[in-house]
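There are 2 protein chains.
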Amino acid sequence: MSEPVTLSIDAMGGDNAPEMVVEGVETALERLNGVRFLLFGDEAKLRPLLERHGKARAVCEIRHTPEIVTNDAKPAQALRGGRNSSMRLAINAVGDGEAAGIVSAGNTGALMAMAKFVLKTLPGIDRPAIATYFPTRRGESVMLDLGANVECDADNLIQFAVMGEVFARNVLGLNNPTVGILNVGQEDLKGNQAVQTAAQGLTNASLPLRFHGFVEGDDIGAGTVDVIVTDGFTGNIALKTAEGTAKLFGHFLKEALTSSLFPKLGALLAKSALTTFKMRVDPRRYNGAMFVGLNGICVKSHGGTDAVGFANAIHVALDLIGNDFNESIKEDYEAFRASFNPDDVEVVANG
Amino acid sequence: MSEPVTLSIDAMGGDNAPEMVVEGVETALERLNGVRFLLFGDEAKLRPLLERHGKARAVCEIRHTPEIVTNDAKPAQALRGGRNSSMRLAINAVGDGEAAGIVSAGNTGALMAMAKFVLKTLPGIDRPAIATYFPTRRGESVMLDLGANVECDADNLIQFAVMGEVFARNVLGLNNPTVGILNVGQEDLKGNQAVQTAAQGLTNASLPLRFHGFVEGDDIGAGTVDVIVTDGFTGNIALKTAEGTAKLFGHFLKEALTSSLFPKLGALLAKSALTTFKMRVDPRRYNGAMFVGLNGICVKSHGGTDAVGFANAIHVALDLIGNDFNESIKEDYEAFRASFNPDDVEVVANG
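Read top to bottom, the protein sequences are chains A and B. Anchor point for the first sequence: position 99 equals 99 in the working numbering, and the numbering is continuous, going up by one each time. Anchor point for the second sequence: position 343 equals 343 in the working numbering, and the numbering is continuous, going up by one each time.
Fair warning: there could be bad hints in the mix.
What the hints assert, rightly or not - Taking lysine to aspartate or glutamate pairs in the EDC-like style, the calculated list, with each CA pair at most 20 Å apart, reads:
#1 A:Lys120 x A:Glu98
#2 B:Lys190 x A:Glu255
#3 A:Lys247 x B:Glu140
#4 B:Lys247 x A:Glu98
#5 A:Lys247 x B:Asp282
#6 B:Lys254 x A:Asp218
#7 A:Lys247 x B:Asp332
#8 A:Lys254 x B:Asp282
What the hints assert, rightly or not - Across the chosen pairs, the derived CB separations fall in these ranges:
#9 A:Arg80 x B:Asn204: 28 to 38 Å
#10 B:Asp72 x A:Glu3: 54 to 64 Å
#11 B:Gly124 x A:Phe262: 52 to 62 Å
#12 A:Glu187 x B:Asn84: 16 to 26 Å
#13 A:Arg83 x B:Asp188: 23 to 33 Å
To be verified - Computed from the model, here is a short list of chain A residues facing chain B with C-beta under 8 Å:
#14 Glu151
#15 Asp218
#16 Gly244
Honestly, the hints are just simulated from the structure, not real lab data. Every residue gets a Cβ at the ideal spot worked out from N, C-alpha and C, and that includes glycine.
So here's chain A without its partners, still in its complex pose (with noise of 0.2 Å):
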């Protein structure tokens, strides 16, 4: 790219904000060039970081903003109350054409109602979704709605797997990913009417998007699917629980090596395999969960992220705006609601 592309940052959204954001900023320069960051925020705290890191001080133009949103802000509060607050005025960067996506470690109710009402929904979908994407047996899956909308009917759902597809193939780099509906069994009768009916048309559809059918909550580590597809309340508890699974395993692990002399000095042998399988499920390496199916780039890094996950997040942006993914977004849904006859869903008793 010879443009250079804006990215727009809430630097004082996170537990450990604005210090881990700048840092996260000078982390992410060390591999990326042709990238400006507006920073907005407290310019009495971003000034002094910017002095002590050289890199993100020639690329970062500081945006002073006098508010906050905090934590512990309802999304409708934040929406009222925060017209100045860094988060919403780097939301409204994006909105006004000035940046191309933004990143915030804030509050995340707070960052998804500002940001749908700012940059609105992409034509033809309802709700924006979060999405993240894990390691798995096979490689990498993306996983959405992970806690936007606590109830999903039918046509949200197939509008999800469209989106989870196109970053599956335009982000992930798939050839023709698959896609799976996240139930409790395989069977075409399990579950509740809204995965029924999603399943339906998926399976109806001729866009070229390769319906698996129904997975399981064990087919997310086993990588069986490259999507998979979800209500925001189920795919909320299915990432954290995998996180805190993860989480317990490690600390087992580590009780295990640590428990006497032996398994110590086997550690220490082991030492550099160790680190690799570390970095291998390290949450900061999937940090960066994506607001997908708005008009603009957001991304929503964990809010209790070091500098590197922070980084980790901008990459994610990036790669979201060097791959056009809206725009494939709106094509592949025009294409596939160009397909779809809705008469060919019919609703199926709950089994």
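Starting from the known structure of chain A, fit chain B onto it as the hints suggest.
Below, chain B alone, put in the same frame as chain A:
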């Protein structure tokens, strides 16, 4: 216990039945006495197996059954057509009072449908649930429902809470166990109406039940609460996600530790510690999903388990019997109902 306990066994259920089942009984008998077994299944197959398993032969009585419920049978189909199956006749033995409980590794849906039909639910319990316990950072917790009820209302969740609490107290031996409802956030306004109304009901109840409030997916592994209450759709996916993540983690670890010479030597030195670690997360230790809320003890073993896992399911059933699990549920649920004023529960708008 002086009087022998009789356990009814569906000897034909499970991927490797009946071999695995008879071996499982033999394995269970290594740390059991005062227990008799009724083995329901194909006598021509069971007889020679018992010849080879002396401990089992001494305490098993074969009840010949000509039919088997297959894994792909639909619940309604099994209920109508499986009247002479090993599964059905094994359940009937509990219904008739001949056995104190039944263990099966067969088709879950069929087992639940038959058990519900034959045994009926406990007074005041609308729907039985599937429960299991699992390792956490703090010890062990129990979660329910794991798939019996795809959709649950607040009353169902409250009943699950009471039953889970009885399990944690009477079987896991915890004093004053804590109960949480699985949700997408800890704040009062998160989630759907069922979880919000159930949380209000439990907050207002005067049972000796310590209601912690909402918990999230990562609280499962952390052991934040002793009892996790959820609907069967979410619970099934959460449990299978945890299993899949543990498998993935184990796979990555194995790859790392066999990648080259040093890690291999390290793993050799740490062998006993790694074995302890593996045992700690061994799914066979937690094999035995309990059908709770039925007027009789019914334990479902994983279909693909081996003799060690099946033996564990037998121990789970005996624990429930020995601790008068169902009597305690009845008492606690009556006390709960008496203390509970439905007018205290106000319907909250969906957040």
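Hints, verified against the model:
1. A:Lys120 x A:Glu98: The hint holds at about 16 Å.
2. B:Lys190 x A:Glu255: The given pair, whose Cα atoms are some 35 Å apart, is violated under the 20 Å limit.
3. A:Lys247 x B:Glu140: 16 Å, holds
4. B:Lys247 x A:Glu98: 46 Å, violated
5. A:Lys247 x B:Asp282: 16 Å, holds
6. B:Lys254 x A:Asp218: 19 Å, holds
7. A:Lys247 x B:Asp332: Violated. A:Lys247 to B:Asp332 sits at ~35 Å, over the 20 Å cutoff.
8. A:Lys254 x B:Asp282: 17 Å, holds
9. A:Arg80 x B:Asn204: 28 to 38 Å: 32 Å, holds
10. B:Asp72 x A:Glu3: 54 to 64 Å: 58 Å, holds
11. B:Gly124 x A:Phe262: 52 to 62 Å: Between B:Gly124 and A:Phe262, where Cβ atoms are some 55 Å apart, the hint holds.
12. A:Glu187 x B:Asn84: 16 to 26 Å: Check passed, 25 Å falls within 16 to 26 Å.
13. A:Arg83 x B:Asp188: 23 to 33 Å: Holds, at about 26 Å.
14. Glu151: 6 Å, holds
15. Asp218: Interface hint status for A:Asp218: holds (3 Å vs cutoff 8 Å).
16. Gly244: 3 Å, holds
Hint check: violations occur at hints 2, 4, 7; the rest are consistent with the structure.
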